[in-house]
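For reference, the chains in residue letters:
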Amino acid sequence: MAELNLSPRVIPDRLQSRGSRALKSWESLLLVVAVLIFAINSFASPYFLDPWNLSDATFNFTEKAMIAFAMALVIIAGEIDLSVASIIALSSTAMGLAVTMGADTPMLVVVGLGTGLLCGAVNGLLITGLGLPSIVVTIGTMSLFRGLSFIILGDQAYTGYPASFAYFGQGYVWWVFSFEFALFAVFAVIYSVLLHKTNFGRAVYAIGNNQTAALFSGVRVGRVKFILFLLTGLMAGIASICLTSRLGSTRPSIALGVELEVVTMVVLGGVSILGGSGTIPGVVLAAFIMGMVTFGFGLLNVPGIVMSIFIGVLLISVIALPILWARARRRVAH
Amino acid sequence: MAKLLKNREILLVLAIIALVFAIALRFPGFVAPANLARVYNDTSILIILALGQMAVILTRCIDLSMAANLALCGMVAAMINAAFPGVPIPLVILAVVALGAALGSINGLLVWKLDIPPIVVTLGTLTIFRGMIFLLTNGAWINAHQMSDAFKALPRAPLIGFPVLSWLSIVAIAAVYILMTRTPVGRAFFAVGGNPHAAVYTGIDVGRTRFLAYCLSGGLAGLAGYLWVSRYAVAYVDIAAGFELDIIAACVIGGISIAGGIGSVGGAVLGSLFLGVIKNALPVINISPFAQLAISGTVIIIAVAVNARTEKRKGRVILKKAEAV
Amino acid sequence: MKPAVALEGISKSFPGVKALSDVSLALYPGSVTALIGENGAGKSTLVKILTGIYQPDGGTIRVDGEETHFPTALSAAHAGVTAIHQETVLFDELSVAENIFLGHAPRNRFGLIDWKKLNGNARDLLRRVGAEIDPTIRLRDLGIANKHMVAIARALSIDASVVIMDEPTAALSHKEIHELYELIDRLKADGKAILFISHKFDEIFRIADRYTVFRDGGMVGEGLISDVTQDQLVKMMVGRDVGQVFPKVDVAIGEPVLTVSGYRHPTEFEDINFELRRGEILGFYGLIGAGRSEFMQSLIGITRPSAGAIKLNGDVLVIRSPAEAIQAGIVYVPEERGRQGAIIGLPIFQNVTLPSLQKTSRAGFLKLANEFALAREYTQRLDLRAASLDQDVGTLSGGNQQKVVIAKWLATQPKVIILDEPTKGIDIGSKAAVHAFMSELAGQGLSVIMVSSEIPEIMGMADRVIVMREGRIAGRFERSELTAEKLVRAAAGIAEAA
Amino acid sequence: ENKKIALVVKALGIGFFEAANKGAQEAAKELGDVEVIYTGPTTTTAEGQIEVINSLIAQKVDAIAVSANDTDALVPALKKAMERGIKVISWDSGVAKEGRLMHLNPSSSPLIGNMIIKLAADQLPDGGDVAVLSATATSTNQNVWIEEMKKVQGNYKGINVVATVYGDDLADKSYRETQGLIQSYPNLKAIIAPTSVGIVAAAQAVEDAGKVGQINVTGLGLPSEMAGHVKAGSSKSFAIWNPIDLGYSATMIAYDLIGGAEAKPGAELKMGRMGTVKLDDNNEGAMADPFVYDAKNVEEFAKIF
Ligand SMILES: Nc1ncnc2c1ncn2[C@@H]1O[C@H](COP(=O)(O)OP(=O)(O)OP(=O)(O)O)[C@@H](O)[C@H]1O
Ligand SMILES: Nc1ncnc2c1ncn2[C@@H]1O[C@H](COP(=O)(O)OP(=O)(O)OP(=O)(O)O)[C@@H](O)[C@H]1O
Ligand SMILES: [Mg+2]
Ligand SMILES: [Mg+2]
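Chains as they are written, first to last, in the working numbering: chain A, 1 to 334; chain B, 1 to 325; chain C, 1 to 498; chain D, 1 to 305.
To be clear, the hints were calculated from the coordinates, so they are not data collected in a lab. Please note that the accuracy of each hint is not assured.
[Said to hold, decoys possible] Simulated DEER-style distance windows between Cβ atoms:
(1) A:R14 / B:L94: 13 to 21 Å
(2) C:R140 / B:L14: 22 to 30 Å
(3) A:W52 / B:L94: 49 to 57 Å
(4) C:R107 / B:P88: 35 to 43 Å
(5) A:T100 / D:T276: 38 to 46 Å
(6) C:R107 / D:Q214: 20 to 28 Å
(7) A:G160 / B:P33: 51 to 59 Å
(8) C:R140 / B:S148: 48 to 56 Å
(9) C:R109 / B:A82: 27 to 35 Å
(10) B:L136 / A:G102: 47 to 55 Å
Model, not experiment: these values are computed from the prediction. Where is the CB? At the ideal position from N, CA and C, for every residue including glycine.
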């Protein structure tokens, strides 16, 4: 060996320190945006800086953000799940049906999670088993799942959830910290560890960047993707439990249009819609930003559609600005 | 005929015919020529939109903002008409087609010049366009009595047996067909979606081609905006909300690959007709309104599964023996 | 003589790399200039600048003495520069004819594309390059060699005075290569200026008139081919002596490790039986499309065979996925580096450790320090050239990417390694390093299957050779009885001269 | 210090609610010390209304008067509002009893149910097939009205309700559903659409199908939106209560409650120029009878709402 490598070159591990890279990252940009919005909100409305109001405001994003964590993984792996809102509806319907059959709270949780997992499994099977594109499959199951709850419920509503069931969407763990918020925080940690610190997370990135090469490298691509769709199903089930508990009732139109908000949150969080890159802390920040924007505008009684314009502009500009900035710098450098 | 249609399209034609006859078993009136013409007319707007979406999807992009673009253009058409009833309708149409193309070009520019992924761009402009309608009108509706009779009459006016609406969609089909098969731009749509990397080496400007596809989809959305508003004689913020998914579904059913590069005008038209037949048939054959959503979901899933099957690579055959079989 | 194209003082940088610095190159009508250099020397970058795909940071391009700019690929074509690029850049879903004429299709008097004329012209061109292909079928239905012939036809569809060929023979087999040589001779006779890039020296000495050598983005030598020897060229390229390209060491061959019996697939291959022994390098030769890769991939569970059995060290193995194959100790280094090998977008170290994560991690949790250590060890042994291990593999040159890919599978410490065209597109220095490493591994008792379409490589490295043709084994040869002629005859199915 | 009363509607931009807002502003002017916050989601969803209600709670408004998108789903949010001392009433489309102090019906549901079928029957002395085009399958008030209508159906001899379809308050869907009805029931004589979006679309579809004179479209609609169709003849008559009065009354009741009035069965709450409303056992009260519009008066009201 030795005589062949006359000058074996030593390749350094890294050129940039982790700190300097973090500073230039998407997350730090989002952090700046979040702080700015927080400051503007505090100025704009006297009601903003009130612990209970802030606590109420977290309900704007906690359910969506929990789904967004799983969705982030799905999108990083190069897929998408547009059926999450419909899974919420179907889970909620299943729980309502269970109530009419006399289920108690623990049973309801099992039904809600089970339905979510089942829907996730259906998506997963169609996508990994038959090899169909996820965007189309989940557009289909989006209609199918919600359609099923329409068939089950029709023009009826399920109410009469047991009193103890109300805890998931209306209960508080400690002081102003709601059960939902605590759940959100726990999942933020779990998903950060899962994506950034485990072999599974590495496999997700590898699949998102080059699925075929990942397969050849011994990544069980089908299994990983199937698990990812199970996870979005599960998280939609959890969100469904929270939302149903918060509303105290079920109608088939529950959570209409939530899938686009979840995807927006994920993309705003810096996850590349093309797959292969993104982080959970980014998604957490994006959740806070979207929640604060919604709440801040709400306090000023600005119509919801104006908030969505703002989110739309934010989405595009947060992605466009760094590109324009880099371009301008290159021009100056020349 | 067989040359015009690919395998997958023949399959779709057969599926549509089977579907129509199945419906006719329960409701014979459905196959009456007048009724079929009515179903076609009802599907015309979807066809026009699907043609635009097809061009965009072919270039490996997607336009989620089409329905919002339609709504904005429709509202502007209605506002022009309400404020200046004297403006000739063709001029109004021209104006909204131009407006639609301009809105589409915003998508196109963001995709071209800033390289932002199409799904993100159009997700953003989807909310922005709808919001703009709200800002324009403060949420107010424009109702039938505020529109001039000429404005409302055009799409319904009969012309050689069919309403103008149907004819407009036929013209759009023919124009897009020629564009896609006989012009360099049309072929560039296929090339850019099939292999964007190779397109650069071929001297095709990938970004510019995508930009043109978005202008086309925008312009068609503008046209559809006028047609929608005049046909239903009402304009408000939420018209055609969620319709973007129908448009994409029509394309997918028509065998246009979401990964770009594969698809045809025939496919887009047939996919739209398939959806149109189902939508029109469900109410008349007394299927519970609650089952409609689940049925269209199932249809979409079956359609992709079938398409994937017919598209599945035959596989390269190496053994001489196997080749003969 | 006046050059048809002259480049002067061309520079080009990518973020973190200076790909070309102040290089000059002249191409003369009726003459073939060979451009040689290590992987990453900047050859393909120069081609892309000449064809308007990249814009140089500085320097001038002169066509027929006049300074020009090529802002797009189209403008270069208009100026009479055409190229067969290193990667086949074609469209699977379009017809063969359209692939050839996309962007400059013949039009009728309404300005619409004239399909009839287009198909006719395509048929003529294909005949000219010696490929019998129906121009109306879809490109995806062609074999890889025929696809490359289409790329060549496309390059010739533009009436150009300068023809560039970036490793044109890498994807071609014997027969097509000879057709290509003849074509180049004809082009030369027509007075075209030709730039020919290759890592194969026999080719260069066969067809080139002049040479230019690049090293690390700069020009280090040029002149007439008749004035140099291969060793001189290699020394210019690498900056040192390479030593032996085929450092085959004799290893005591041990007991059978892998036994394959009765392997078959309904359409791809059948009746594959062989044994692989400890310490052995078993060569698989064949023409492109003979089914070698297809078969190898079935060994690791990518495609499922319809019948057949594998034994590893005497135990029957059932492998359903690459993950199981890696676990069992059989690894496959794929031939399509870009699609199957490198994971562009992930850093070098993560590429290397992906199949070995079980080893570097603890209880499913990543251990970065272990990963860096493993990646460092294997990339240095293969003499990788990179700025850091944290760099995206996508920013490496093709050859260096190949080294990362090989390192990736070696790092799993397999019992059997299958290398599919392991040195395709890599330079002579790296080739020597890979071959030496292969020898060393065999010496340590690893068993190697080497799929290669290069006769010198097969002859230089293999202990035994199996030749495949049309999905079947067409010949078995011991090292002692190996000749190039026997290999070619078996692969092409020509009977031994009586 | 001004009292803040929030008028929460099903969705912004709907003519009916814009008119109600006019009435609310009129009440505010009359009362002097009241600021009306007119708000609501952009689409008719319960979740959207909950977000709006949460931000109103945060602003510590004095009263919320809501026209609900969902009877039950708003209850937890409104309960929270009441716990924080906000007076909550519902109007037009109600919420379940636990979620509000009282509910103001525009009219009584039996009266409306009777009115819509009577409008159809009046034009059909010999009876015939009629169909119902409703809003979404989940809208509370439409379902109650249709139920009430079916109870009194027997009083109208020969009137045969053949189908109920849902246009989801979307113009295109309602249009298509109407086309379906015309197709499936060749003997259809009338379409009852107790929704302002549906009735317009149905009238348009009847005109486009050339069935003016054969099929009469009736139900609940806004004069401004229906004037054209009355003129075209596709609708002979329709009914609606006056939304201006409704917004006015809701604001007045909320003010009365802020002032200390108690909402309990039998109580009478003040509604300014509209008089008083008497609460039943469910704490519900009815404002007034629906009002019928036809060719004689529709033009005049079209200018107002
Ligand atoms: N798009 C790019 N972005 C960043 N770096 C690049 C890019 N293209 C090429 N390079 C770098 O430029 C250098 C020259 O690469 P080039 O592809 O020209 O090499 P080459 O001589 O063709 O090598 P090979 O023989 O492997 O094909 C390499 O260091 C490579 O990493
Ligand atoms: N018709 C084709 N379409 C797509 N890819 C092809 C085609 N023909 C060959 N290839 C490519 O070439 C490879 C050839 O593999 P195969 O097993 O058939 O032959 P081989 O003997 O290994 O030849 P090679 O020298 O190309 O490796 C395939 O893996 C594939 O990537
Ligand atoms: Mg190269
Ligand atoms: Mg091979």
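Hints and how they fare:
1. A:R14 / B:L94: 13 to 21 Å: This hint is violated: roughly 59 Å between Cβ atoms.
2. C:R140 / B:L14: 22 to 30 Å: 25 Å, holds
3. A:W52 / B:L94: 49 to 57 Å: Holds: the Cβ-Cβ distance is about 56 Å, inside 49 to 57 Å.
4. C:R107 / B:P88: 35 to 43 Å: 36 Å, holds
5. A:T100 / D:T276: 38 to 46 Å: With Cβ atoms ~41 Å apart, the hint holds.
6. C:R107 / D:Q214: 20 to 28 Å: 56 Å, violated
7. A:G160 / B:P33: 51 to 59 Å: 53 Å Cβ-Cβ, so the 51 to 59 Å window holds.
8. C:R140 / B:S148: 48 to 56 Å: 54 Å, holds
9. C:R109 / B:A82: 27 to 35 Å: For A82 of chain B against R109 of chain C, whose Cβ atoms are near 46 Å apart, the range 27 to 35 Å is violated.
10. B:L136 / A:G102: 47 to 55 Å: Since L136 of chain B and G102 of chain A have Cβ atoms about 53 Å apart, the given range 47 to 55 Å holds.
Hints 1, 6, 9 from the earlier list are contradicted by this structure; the remaining hints agree with it.
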